[in-house]
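Here are the chains, one letter per residue:
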Amino acid sequence: MTTLAKRNMRNQIVRNNWFDIINILFMSIFALLILYPFYNSILVSFTPQADYVKTPFMLFPKNLTLTSYQIVFESKVIFTGLGVTIIITLFGVVYNMILTVLMAYCFNNEFPGKKFFLYAVIFTMYFNGGLIPYYLLIKDMGLMDTLMSMVLPTGISIMYMTVMRKYFASLPVELEESARIDGASDLVILFRIILPLSMPMVVTFTLYYGIERWNEWWNGMLFIKTAYKQPLQLVLRGIIQSTGAQVMSSHLQEAGIVPFTDGVKMASIVITMFPVMCLYPFMQKYFVQGLAIGGVKG
Amino acid sequence: MNKSELSTHSVKPSRQSKTLFAAIWRKRYIYLLLLPGLAYFAIFKYIPIYGVQLAFKKYAVNLGITGSPWIGFSNFNLLFIDGDFWIAVRNTLIIAYMQILICFPIPIVLAVLLNEIRQRKFKRTVQTIYTFPHFLSWVIVSGMVLNMLSTNGAINNLLAVLNFDRVQFLTDKRIFRWLLVFLQAWKESGWNCIMYLAAITSIDPTLYEAATIDGANRWHRMRYITWPGISMIVVVTLIMRMGSIMDAGFEQIINIYNPAVYEVSDIIDTYVFRITFQRPANFGLSAAVGLFKGITNCVLLLTTNWICVRLSGTGIL
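Line order of the protein sequences matches chains A and H.
One point on numbering: in this note's numbering, the residue at position 80 of the first sequence is 80, and numbering is uninterrupted.
One point on numbering: in this note's numbering, the residue at position 14 of the second sequence is 312, and numbering is uninterrupted.
Read the hints as simulated data drawn from the structure, not as lab findings.
Take the hints with a grain of salt, since some may be wrong.
What the hints assert, rightly or not - Just a few of them, taken from the derived set where beta-carbon distance is under 8 Å, the chain A residues facing chain H:
#1 Phe-111
#2 Gly-129
#3 Leu-136
Note that the Cβ used here is the ideal one computed from N, Cα and C, for glycine as well.
Make the full structure from the sequences, and use the hints.
Following this line, the structure appears as structure tokens:
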């Protein structure tokens, strides 16, 4: 393209017209729509009950208080939940990543029966046994009421495995071939050559799996009977679904405080999503690229 | 599979089986590395699929799945006369189609519009904001929403300040489905938009430059370059969604709904959950619902895939 044409084009493109203005306005409104529920929750969690009841519609807080957070932190449930969630997240992510990476590596190779195994795996995406056989399986395996019931069934996400496989396939073949000629085994090739070259993908899927395990509540609801083994999200669900004085009642009766139910609920929510909120803006690049690569190539 | 190949090899050693065996032997470590993953799918996916037979059995705890007696289609007969089941089927279909109607186009529009924004920082910021809700569980989102939309919540307070009547968002049967669909869009639009945005980014920029020089305005560029560039991925995504029409968002509904709106929001998954864990359980009956759902989904997926092959020459399966 000639410089003249380039300059013409730039002139045409850089100028903001009404479309840009409306577009930016629209995008901003949508962003505010996404943000408001978060703002509201954080606001309520820091507001004293008296203010909350008096103010017809609150946009900015007049007084801030930490009472709600105090109540949440003084009860034990949030900490046991946090402990359980941290354990299942750590174990779960390691377990998920090992299984996923190994399978992605294998399916990136040619071997007799590959098609059969691949179809057998993909079939499970479209047909599953349903809730009851799954429930009975966990029961028969003796995983009832164990933390493993929230780790072992998570295994491999077929979508992540596929994206990873495609990423491996996009790496230069020569590296692997020359390593093989030098006598490197599959494990060496995977861990010394392929994985170091795939770090962005590894980080991305570690994050995805990490968030999924962090958000675990469903397996917990099905299989966990003992209160102190409940994951954080399930504890939170209990708090949200309870009404009025039920909220952390045992503790409050001792302390003799009338709880601000909404405040306590919102404080619990803010605490639960705090790690994700902190992590997210800095890791945004990694959060986005997994789906981007999977979408374009898939 | 390995074993059977091995045994036929030893019985009838032909040249072909010898090379096959050699090929397998050469890749023995690959099979070894594949084993953990396959074991996972065998245990946690295929054993439950085997357990689907429960749909035709009367489950007895002491006999287990295989030992329980066969009872033919009794579970299905029992299911099909249950009015709640048909309400659940109807709700599932209605909510899923509403989702396709509302939640499916929003990310596409969002991606096209985001792509038109040239202020890089602004673009990145709003994209970060849009994507965030995806990474939160429905437990958290439902918590925020239940508070915001309750009778004394922020939205109703705002309505009151503006002299409108308070709206019972969470218990009004006319509103509740729309609320579900809107929340779905709120949570997932930004995330789904990334895929389309990536597809748009991968369009050759010289196409836009050439079109601009030829005098194409922004609308022309969107209509004749951007849209054809993403239409394929739109079709594929639509097929995938159609194939899981029996999924209307279990995690969302189980966290938000309440008895007042069961009639309009009880979907198949929540129905199974309730008949299994909140009533004297009949596992055979619950398994029958699961099988019904699984088969319907499979049939729908194959049908939409077939239509897609007929229309565009390529399917997704």
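Was the hint right that A/Leu-136 lines chain H, CB cutoff 8 Å?
holds (6 Å)
Was the hint right that A/Phe-111 lines chain H, CB cutoff 8 Å?
At about 4 Å, which falls below the 8 Å cut-off, the nearest Cβ of chain H leaves the hint on A/Phe-111 intact, so it holds.
Answer holds if the nearest beta-carbon of chain H is closer than 8 Å to that of A/Gly-129; otherwise answer violated.
holds (3 Å)
Going down the numbered hints, you'll see the structure goes against none, and every one checks out.
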